[in-house]
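A.B. asks: The lines below spell out each chain.
There are 2 protein chains.
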Amino acid sequence: MKKILFTLLTLTVFTLSSWAEDGHRLWLPAQKSQTAHVSTNAQSATIDLAKQELTDYFAGTKATLLIDPALTDDEGFTINGNEDSVVVRARRDIGLLYGAYDVLRRQAIQGNMNHVEQHPRFRLRMLNHWDNLDGSIERGYAGESIFEWFHLDEALLHQYARANASIGINGSVLNNVNASPKMLTREYLDEVRKIADLLRPYGIRVYLSINFATPMVLGDTRTADPKNKRVRQWWKRKAKEIYSIIPDFGGFLVKANSEGQPGPGDYHRTHAEGANMLADALAPFNGTVIWRCFVYGANHKGEDRVKQAVSEFKPLDGKFRENVILQTKNGPLDFQPREPYSPVFDQISETPNMAELQITQEYTGQSHHLVYLGPMWNEFFQYVEPEWLAGISGVANIGKDRNWCGHHFSQANWYAFGRLAWDPSLSSEDIAKEWLGQTFSTDENFVYMMSTIMEESRETCVDYMMPLGLHHIFKFDHHYGPEPDGFKAEYPLEWCPVYYHQADANGIGFDRSSKGTDAVSQYREPYASMYDKLETCPENLLLWFHHVPWTYQMKDGSTLWESLQYHYNQGVINVETYHNIWHNKMRHYVDEQRWREVDDRLEDQVQNAREWRDVCLKYFGGFANKKQ
Amino acid sequence: MKKILFTLLTLTVFTLSSWAEDGHRLWLPAQKSQTAHVSTNAQSATIDLAKQELTDYFAGTKATLLIDPALTDDEGFTINGNEDSVVVRARRDIGLLYGAYDVLRRQAIQGNMNHVEQHPRFRLRMLNHWDNLDGSIERGYAGESIFEWFHLDEALLHQYARANASIGINGSVLNNVNASPKMLTREYLDEVRKIADLLRPYGIRVYLSINFATPMVLGDTRTADPKNKRVRQWWKRKAKEIYSIIPDFGGFLVKANSEGQPGPGDYHRTHAEGANMLADALAPFNGTVIWRCFVYGANHKGEDRVKQAVSEFKPLDGKFRENVILQTKNGPLDFQPREPYSPVFDQISETPNMAELQITQEYTGQSHHLVYLGPMWNEFFQYVEPEWLAGISGVANIGKDRNWCGHHFSQANWYAFGRLAWDPSLSSEDIAKEWLGQTFSTDENFVYMMSTIMEESRETCVDYMMPLGLHHIFKFDHHYGPEPDGFKAEYPLEWCPVYYHQADANGIGFDRSSKGTDAVSQYREPYASMYDKLETCPENLLLWFHHVPWTYQMKDGSTLWESLQYHYNQGVINVETYHNIWHNKMRHYVDEQRWREVDDRLEDQVQNAREWRDVCLKYFGGFANKKQ
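For the protein sequence lines, the chains are X and D, in the order given.
Count the first sequence with UniProt numbering and you get residues 1 to 628, in order.
Count the second sequence with UniProt numbering and you get residues 1 to 628, in order.
Be aware that a few hints might be false.
Given that identical chains are not distinguished, each listed pair holds provided it fits within a single copy or across any two copies.
Dumping the calculated DSSO-like pairs for lysine-lysine here, alpha-carbon to alpha-carbon at most 30 Å [claimed, not checked]:
hint, residue 1, residue 2
1, K229, K314
2, K433, K555
3, K433, K301
4, K555, K32
5, K314, K236
Bear in mind the hints are in silico, worked out from the structure with no lab data behind them.
Construct all of the structure, not just a fragment, from the sequences and the given hints.
C.D. replies: Encoded structure:
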């Protein structure tokens with residue numbers, strides 16, 4: 001009898017500890033406790049959500065949610081109490097919901113729950129979905145779009161909203177910046193309304209990407225010229241229609257005159273003229289136009305691509321309506337594993353700016369590589385002050401895969417994006433630890449080891465893909481593997497790897513110094529001078545700014561070619577270590593399913609890292625060894 | 001003209017920085033400065049050496065060497081001054097020589113030269129050469145013996161003596177412990193005298209290993225029985241003869257009744273009876289008998305080999321003459337990459353004890369692996385207090401190879417041995433930094449990177465060879481590669497790998513707990529209990545003390561088999577990193593020749609580490625995976 005009891009006990013423990021997880025719950029609480037009595041002093045759909053979360057998951061006995069008009073911040077909150085009894089105060093109901101999630105986060109990682117005061121650093125904390133209306137996702141690596149038009153999965157969208165609210169995201173652009181004109185038709189707008197209604201209690205406003213030529217393509221006008229009266233009227237009517245359906249609609253995100261998209265330039269109008277037309281249409285309803293600075297090739301053909309955004313937008317600075325925000329990628333090129341910050345943030349000072357970060361790992365191993373982007377974003381904020389920014393957008397990595405992001409560890413990038421949009425002074429390491437504790441295990445060994453790996457993983461990716469400032473030597477189109485010899489006569493030169501690395505028998509790298517394209521001159525001091533001089537240019541950006549001889553002596557005395565070999569090799573060795581640790585040491589901290597899935601992906605990562613190393617060292621060695 | 005001048009300057013700089021080095025100068029100064037005036041208040045051959053070193057290499061203007069009878073320590077010294085002017089004081093001339101070398105060491109690494117006071121921690125700081133009379137060296141991996149009998153290379157022996165004096169070594173056993181009886185013949189003793197005369201000014205006394213059966217083998221007696229009167233007389237006469245030639249002769253080192261060597265056991269006499277006979281012969285001349293405890297197989301056949309030394313010697317403790325010292329290897333087996341300390345150090349308290357460390361890398365990759373043994377010796381001194389020891393012996397790694405040790409980094413083990421014999425409280429890391437600075441470069445990056453690698457290298461070796469307490473699974477005889485399936489019916493069982501790892505479908509490891517051979521009981525508390533219990537046994541000695549199921553859960557939650565895989569893989573990955581760093585990043589800190597030679601050996605090490613991993617994981621996997 002004793003033996004049977006023991007067996008039963010063992011089985012129970014076993015069942016609990018090896019609870020099958022598929023990653024769908026993300027970082028949200030795993031087990032309902034339902035031990036707490038939750039009271040409030042106000043009522044709303046949002047407060048109901050907050051109340052429900054604490055009722056279900058707060059493991060103490062008492063929680064109180066209080067609207068407190070004495071507080072000043074519309075989205076902030078305070079927490080006072082302890083793990084047994086806690087009081088959340090906020091000026092508005094969304095603050096109470098954010099506070100409730102913060103209580104649960106602190107509970108999960110045994111954090112402090114007293115004298116907590118939180119305010120978001122940015123007013124706009126947005127996801128940009130590059131989701132097409134047919135369900136496909138540009139640069140999506142986790143299945144099809146969660147926005148299933150005309151067949152919306154409401155339960156899934158609630159989970160999506162809940163996850164975002166739990167990290168403070170308050171805006172969502174539902175469709176790809178390469179936007180279909182159909183997005184603004186009534187049938188789609190009725191669907192958008194459903195999504196907006198669903199997201200509203202979670203504090204999330206809906207935005208749409210628009211195609212600048214929409215009125216013309218839909219056949220309502222003969223042109224899309226922003227100076228054309230009919231066109232301007234069409235947008236005003238359309239804005240009115242949208243706000244009649246969705247009164248708190250956020251606004252438009254616009255990719256114009258970029259990579260084949262239509263824009264005001266088609267009619268010899270400026271970006272300002274185009275943006276202002278839309279801004280005028282949205283202004284009566286307090287809507288916002290978010291206008292992307294990611295443009296190249298149209299008006300500045302032949303100019304160094306990384307200079308074109310400043311060339312294009314700096315003369316327009318100050319000419320935009322008050323409800324226009326410019327949105328600029330963190331770096332001047334295109335979401336490479338490492339770029340210098342975009343000088344747009346130095347040169348545009350009269351117009352509000354938003355930073356566009358890429359959560360989806362287009363250039364960092366997609367959903368096959370464990371690459372934690374927190375350190376990259378920490379690095380960005382070393383150069384770009386939060387005060388200069390009106391908000392943060394992140395290109396989402398979310399799809400219909402059961403685990404949302406394809407790779408379990410890609411969830412950490414979604415999480416870290418939200419946390420940094422709330423407070424960009426958080427360290428990526430602390431965020432990693434928070435996330436690991438909630439998502440996998442609070443075991444000290446596990447959290448220490450895996451947070452160390454996560455912290456290092458981005459530099460490792462740089463090492464095995466494009467160390468020392470190399471950039472854009474990916475295989476064409478899919479951007480996963482290496483293609484350093486890539487050149488296609490039929491493609492724009494700015495899409496070709498050989499254009500970016502400029503390797504020859506003398507050396508390697510793109511000369512952007514004052515003797516080259518002078519891209520350095522777009523930076524504020526001390527960066528302009530620092531990047532300009534070979535001796536002071538940070539070595540991790542060396543080949544971004546300079547064409548350097550293979551025998552150039554690095555700060556540690558090795559030659560450039562030796563240093564390149566070192567980084568490629570070290571990147572591979574590091575990934576091998578990650579896989580070794582995960583495969584042999586982490587299994588028992590993690591449920592079988594997620595362990596296996598991460599393990600499989602780490603194997604892929606090792607293979608791909610080796611491919612990067614082998615292909616790049618062979619190709620570059622052909623030049624470097626010729627010289628020696 | 002300007003151009004030519006520039007070219008000449010460039011050439012000069014180039015020549016200096018890439019000065020061809022072959023490793024022969026060891027850690028000793030590279031460039032004579034000859035700027036200092038050196039004065040003394042006494043004269044001797046030793047003081048002449050000290051004076052010459054400072055005259056040649058002290059880069060200041062003034063150095064003073066003072067015999068100071070007020071000082072109390074025969075070998076210690078003080079240093080006062082600075083890099084320009086320095087005063088060394090000592091009670092005896094050898095202290096002045098040690099002080100002079102310390103000044104040069106401090107000069108090389110920019111160390112402090114004021115208020116320095118140094119005393120050696122051990123009276124005996126000895127090298128044991130396992131050199132045979134035919135020039136071969138047992139477990140030597142750096143060419144033939146530097147002791148070329150009847151053709152002595154005096155210049156080479158001066159360099160040898162100088163190097164040893166520079167790190168405080170004061171004794172040298174010239175020949176193999178598996179000793180030839182010929183060693184004590186007059187013709188050899190005349191040669192030994194030449195060596196002794198040559199080493200004397202450097203403060204180094206000469207010792208000889210003796211064959212216990214010498215009088216019988218040479219045909220002077222019919223037995224070697226230590227109770228036999230003629231035998232006893234023979235040894236007395238021989239001692240007298242030796243001291244008439246070499247008045248400061250150190251004494252005998254004896255390997256008796258061990259691995260086929262003759263000894264008192266051949267006549268049913270104890271080790272004490274054998275040692276005391278020799279001690280009585282040497283006593284009139286203040287000579288010492290150093291008697292090795294490395295015995296197994298003779299009187300204790302069938303007993304766990306690691307227990308036999310205590311079984312054999314504990315009953316004899318207190319029965320040895322005052323001029324007998326027992327010499328015991330650091331661990332109870334045989335110089336494995338990791339062993340627990342030898343319990344002889346716990347159990348022998350009435351007889352002086354010396355620790356025998358192995359500088360030559362018999363079981364740690366020989367002269368093909370960069371394995372720095374400083375951390376192993378630091379570990380030993382965590383368990384064995386210096387107060388318990390009369391001295392330290394190190395089995396030398398010196399041969400006629402131009403760089404002395406085969407591998408440039410093996411010089412560091414010679415150096416570290418000397419420094420630790422002088423002061424066992426020094427950290428291996430500080431010693432590594434000292435050595436790197438004097439031997440290669442004081443560049444901060446170089447020293448940081450390479451000292452980090454050196455510090456880690458021993459644990460890495462343990463990982464790729466025999467992690468978690470595995471031991472003695474080397475290929476037979478040469479002890480370089482792996483042979484976990486090793487079994488030879490014609491060999492003693494204690495030489496066979498399968499006997500040591502005991503792997504089967506249930507698990508792996510040698511049960512030395514109280515349920516097994518009870519070797520744990522030979523340890524003092526708390527170690528006896530700690531090692532006995534599976535739960536408290538340190539994981540890095542787990543399989544030394546326990547037979548453990550493959551599915552055993554390690555402290556981090558992984559299974560034993562997973563942990564084993566982790567360590568083997570990590571060992572290889574680490575060596576790959578060392579090679580990568582050296583190959584690509586260290587080239588310009590180091591002259592071409594040494595860089596190339598170390599690089600070649602690191603390649604060998606990578607290959608061998610992979611062989612260890614692949615062979616062991618395949619072999620053990622055959623058991624482990626069967627069980628799962």
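A.B. asks: Looking back at the numbered hints, which does the structure fail to meet, lowest number first?
C.D. replies: As far as the earlier hints go, only 3 is violated by this structure.
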